[in-house]
Amino acid sequence: MGSLKWAALLAGVAVVFIALFVPQIRFLFLGMPEQRLDGGSIALDVDRASSGSAPPRSSIARALTDAGLGAEPLLGDIATSGHLKRLQAGEVTVNQLLKYAEDLSELALLTKNAGRQIPSTFWDVETDQMRVDGWTPYRVVAALASTEGRPYIDALGVAYARFHAFKTSEPSADDTALDTALDLFEPAIKLIDEVPREHMLETSKYIYSKEQAVLYLWQQIVVGSSRRNPLTRVKLFNHGFTQRFHVGTIWQYDYGVAQDNSTIWGVSGFAPRYVGPPENSNQIEHMSISMIVQGILREPLQVLQAFEEFERLMGPVSLEEAAADEALNNAVRQTFVPNFENDLQAAVSELRGMLRAP
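The numbering of the sequence shown is the working numbering, which starts it at -3 and goes up by one.
Don't take every hint at face value.
Stated by the list, open to error - Calculated cross-link-like contacts (lysine to aspartate or glutamate; reagent style EDC-like; alpha-carbon spacing at most 20 Å):
| hint | residue 1 | residue 2 |
| --- | --- | --- |
| 1 | Lys206 | Glu182 |
| 2 | Lys108 | Glu98 |
| 3 | Lys206 | Glu337 |
| 4 | Lys186 | Asp339 |
| 5 | Lys186 | Asp175 |
| 6 | Lys206 | Asp339 |
| 7 | Lys163 | Asp256 |
| 8 | Lys81 | Asp62 |
If you are wondering where the hints come from, they were derived from the structure by calculation, not from laboratory data.
Throw the hints in and build the complete structure from the sequences for me.
And the structure:
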């Protein structure tokens, strides 16, 4: 009997392996007018001073500080000191840094007008994924400050204004993490409507409808996370260097405190059956991942539930936590997946009603 149980378990593992071993989804969408992951078309090193001497380091430092950068790094940002070191090493030019300061100031103004200013330190980070994708903070900021980047900045500014209102409201106020996350579909829908498809940096064969594009962009704005196959460790989807461009990251730079998504979002608004024990605090992230895996990758519900059981058997996940995650997967399957490509807003409303605490 024991051998039969192990055989059944191995068979289940094989099903999970086959069903979930899929290529990465990548869909980078910053509204820039090229389809390649190449920032080279963005003019950066404008010759501002063809004659005369370059401005002193103090002027460059003042320009960067006035644009909102700190003197020293706080949360992995380059900061004014880092840019001056790059200048001294010949890695950047005077004109490039002056243009960078100008563009940072423009992004600060644009997001302030959208409702809540995104701190310049948020943009001032160079990640490994950014380098892999062929981008630098200078190119990203220049692109987003351009006319083509305006819709993305407007969407991210509106999204962060909504999130900031939730985070700074009184605990007794009638606003929740669930409501806030689902409300962020609105700026995602507007962005997909406004920007032509040819301005995507990269497209994916898995994303073939407007509604799927909105869903993928929404998940990036909300948490920007992915999920790995527990057996192969391959990412099921990958936002590339834009994975950090979400409201939780912005919040950290706004208040200068590093936190994870679970701590930032919490689980307010969810009915208890979708949360389970207190340690199961990542339900916003879990919901968003389940929506992508079911809505875009078209993974059957049974595979996701097997996923949860595998983690329960192999890891520290409790029975109660697995049950809550499975209930959340089931709610996504019942209320969101069948209808979101026909009427996205109605599907979001139905999901909200299913998950909301009474």
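Pair hint Lys108 and Glu98, alpha-carbon separation not exceeding 20 Å: holds (16 Å)
Proposed proximity, Glu337 with Lys206 (alpha carbon, max 20 Å): Holds, at about 8 Å.
Hint consistency between Lys186 and Asp339 [alpha-carbon to alpha-carbon, up to 20 Å]: holds (15 Å)
Lys81 paired with Asp62 [C-alpha distance capped at 20 Å]: holds (18 Å)
Pairwise hint evaluation, Asp339 against Lys206, where the allowed Cα distance is 20 Å at most: holds (11 Å)
Hinted pair Lys186 and Asp175, Cα distance within 20 Å: Between Lys186 and Asp175 the Cα gap is close to 18 Å, so the pair holds against 20 Å.
Lys206 paired with Glu182 [C-alpha distance capped at 20 Å]: holds (14 Å)
Given pair status - Asp256, Lys163, alpha carbons within 20 Å: Judged against 20 Å, a Cα distance of about 15 Å means the pair holds.
In summary, the structure agrees with every hint in the numbered list given earlier.
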